[in-house]
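Participant: Sequence:
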Amino acid sequence: MSETLVTIHNVTKVFTPEQPPALADISGIIPKGEIVGLVGPDGAGKTTLIRLIAGLLKPTEGFITVAGYDTVNNAEEVHYFTGYMPQKFGLYEDLTVIQNLNLYADLRGIVGEEKKAVFERLLRFTGLAPFKNRLAGALSGGMKQKLGLACALVKKPMLLLLDEPSVGVDPISRRELWKMVNDLLAEDISVVWSTAYLDEAEKCHTVLLINEGKLLFNGKPQDLTKRVEGRVFKISNIKVNRRELLRNILRQENVVDGLVQGDDLRIVVKEKKTPILDLEQLKGHEEFQIKPIPPRFEDAFMDMLGGGGQWKTSGLAATTLQIEGASEHIVEAQGLTKKFGSFTAADDITFSIAKGEIFGLLGPNGAGKTTTFKMLCGLLQPTQGKALVKDFDLQKAPSNARARIGYMAQKFSLYGTLSVLQNLNFFARIYNLKGKEVGSAVSRMLVIFNLQNFHATPSEKLPLGFKQRLSLACATMHHPDVLFLDEPTSGVDPIARREFWNHINGLVEKGVTILVTTHFMDEAEYCDRIALIYRGKIIQMAAPDKLKEIAKSPQNPSPSLDDAFIKLIEEYDASHPL
Numbered sequence: 005m006s007e008t009l010v011t012i013h014n015v016t017k018v019f020t021p022e023q024p025p026a027l028a029d030i031s032g033i034i035p036k037g038e039i040v041g042l043v044g045p046d047g048a049g050k051t052t053l054i055r056l057i058a059g060l061l062k063p064t065e066g067f068i069t070v071a072g073y074d075t076v077n078n079a080e081e082v083h084y085f086t087g088y089m090p091q092k093f094g095l096y097e098d099l100t101v102i103q104n105l106n107l108y109a110d111l112r113g114i115v116g117e118e119k120k121a122v123f124e125r126l127l128r129f130t131g132l133a134p135f136k137n138r139l140a141g142a143l144s145g146g147m148k149q150k151l152g153l154a155c156a157l158v159k160k161p162m163l164l165l166l167d168e169p170s171v172g173v174d175p176i177s178r179r180e181l182w183k184m185v186n187d188l189l190a191e192d193i194s195v196v197w198s199t200a201y202l203d204e205a206e207k208c209h210t211v212l213l214i215n216e217g218k219l220l221f222n223g224k225p226q227d228l229t230k231r232v233e234g235r236v237f238k239i240s241n242i243k244v245n246r247r248e249l250l251r252n253i254l255r256q257e258n259v260v261d262g263l264v265q266g267d268d269l270r271i272v273v274k275e276k277k278t279p280i281l282d283l284e285q286l287k288g289h290e291e292f293q294i295k296p297i298p299p300r301f302e303d304a305f306m307d308m309l310g311g312g313g314q315w316k317t318s319g320l321a322a323t324t325l326q327i328e329g330a331s332e333h334i335v336e337a338q339g340l341t342k343k344f345g346s347f348t349a350a351d352d353i354t355f356s357i358a359k360g361e362i363f364g365l366l367g368p369n370g371a372g373k374t375t376t377f378k379m380l381c382g383l384l385q386p387t388q389g390k391a392l393v394k395d396f397d398l399q400k401a402p403s404n405a406r407a408r409i410g411y412m413a414q415k416f417s418l419y420g421t422l423s424v425l426q427n428l429n430f431f432a433r434i435y436n437l438k439g440k441e442v443g444s445a446v447s448r449m450l451v452i453f454n455l456q457n458f459h460a461t462p463s464e465k466l467p468l469g470f471k472q473r474l475s476l477a478c479a480t481m482h483h484p485d486v487l488f489l490d491e492p493t494s495g496v497d498p499i500a501r502r503e504f505w506n507h508i509n510g511l512v513e514k515g516v517t518i519l520v521t522t523h524f525m526d527e528a529e530y531c532d533r534i535a536l537i538y539r540g541k542i543i544q545m546a547a548p549d550k551l552k553e554i555a556k557s558p559q560n561p562s563p564s565l566d567d568a569f570i571k572l573i574e575e576y577d578a579s580h581p582l
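Position 554 of the sequence shown, counting from 1, maps to 558 under our numbering, and the rest follow consecutively.
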């Protein structure tokens, strides 16, 4: 049995007496040389626990020791051998890579030849050596995370605390981060990895699952996964609208969870029985096939948390929104090219998106998808080519085109000091709603997104999932034909992610067209088609299942979309060397 590095004993943390404890009676251990995953919904208490372990907060009750040192009485010692990478990028964006490393080395007392050797090792370890003179703010998302990890490792820690390090990072960079962290285990470093991506939890030695400040599970991830063995099924050969079918299936009493996976649906049921569903209530049941599939950690996570509740029946499909009079192609990219000096960020991007289609732009950090996205929604002027929305050229008739667009930014972009109600009223007027239209739209959004109890709350104080609801409400209140979503669920837990996509599926059923960028491959499964952008070009464009089919190999006959993403990028690199 591994030696214990961290002991968490009956820890409770209360911030204000008026609110429930952020953590309540948490106990557990972190062994030496292992990765411990910290998972749970938004607001569960994950970041609070990490800060308590780091000695940055004091527990209200109980205690934590790191290598025998109490985090309150011996905080300085704990800080000395703990590396901490916070959830938000904590480096100085106006400093270069090497300047950031120098700053952290100075703070940790690393000087002279030792510093030189440490820098050489970290730059090689993270692959940042060619970029050491680049400003941190100019790095891609994956490179920023690698720099954050390097700064946390300037002084070799016994304990490395990583608070959602892979948020906003593409599958290739996520894989590289995991390889780097796994390499640290050989040096007997213990790692706490907080994550909203539950496929990452499966890679950890043990997992702490927290919800509403309470510890629900402490053990090996595969032990939790066993909880749903025999209760996970794939529905395939679907001849009807799969989004509508999913919504109807989720209403059934025996269904705990469900989501779209390409052309198929994945469902988790409360009990295995025959038939597992009330087929008479489902259109097209004569055609589709239901077969059991191996469970995964996320299935068990959703089952343990009760399947989510309201997200199963919420959604804009219940509203009166209807998009009429649409042309065959709502969004068109015609030879879009963008050059920044001698650098071509997007090169001859061409595609069209039909009414009611979900179209995904995927690609590694820095591949050109964000540049393409910004040109399509009128935020960036192309060097060449056209971007059309409902036949309006965004350069020649921007007001006409933008009136048909809803936009949800990657980062929370609403006004933090304004209340939920004030934000909704402001955006209603921005989208040119007038008179009674404003009050009607605002009231409708409060109900649809269940924001009534937060109407007076400043938006900056909302939980992440509710911030996301408010952002989507502001983007859709004017009934747009097209909704642009830039990494809309980055860092959001699976329950909030399902609720979000339930709303999006409802919009699509009413004829809204969706253009989405994402690094989360389960989210990309909702797309009807995906354009994979790399080195500024579209290197593949197809439905999710078709991309997986292209990536099949004797070594991997059933690739995931993550596998397909990585394989297609690697094959392109091999056939198009720089």
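Derived from the structure by calculation, the hints contain no laboratory data.
Hints may contain errors.
Stated by the list, open to error - With a straight-line Cα cutoff of 30 Å, these simulated DSS-like cross-link-like pairs (lysine-lysine) come out:
#: 1; residue 1: Lys218; residue 2: Lys230
#: 2; residue 1: Lys243; residue 2: Lys224
#: 3; residue 1: Lys359; residue 2: Lys541
#: 4; residue 1: Lys390; residue 2: Lys440
#: 5; residue 1: Lys287; residue 2: Lys243
Participant: Look at each hint and say if it fits the structure.
Facilitator: How the hints compare with the structure:
| no. | hint | verdict |
| --- | --- | --- |
| 1 | Lys218 <-> Lys230 | holds, 21 Å |
| 2 | Lys243 <-> Lys224 | violated, 39 Å |
| 3 | Lys359 <-> Lys541 | holds, 24 Å |
| 4 | Lys390 <-> Lys440 | violated, 37 Å |
| 5 | Lys287 <-> Lys243 | holds, 9 Å |
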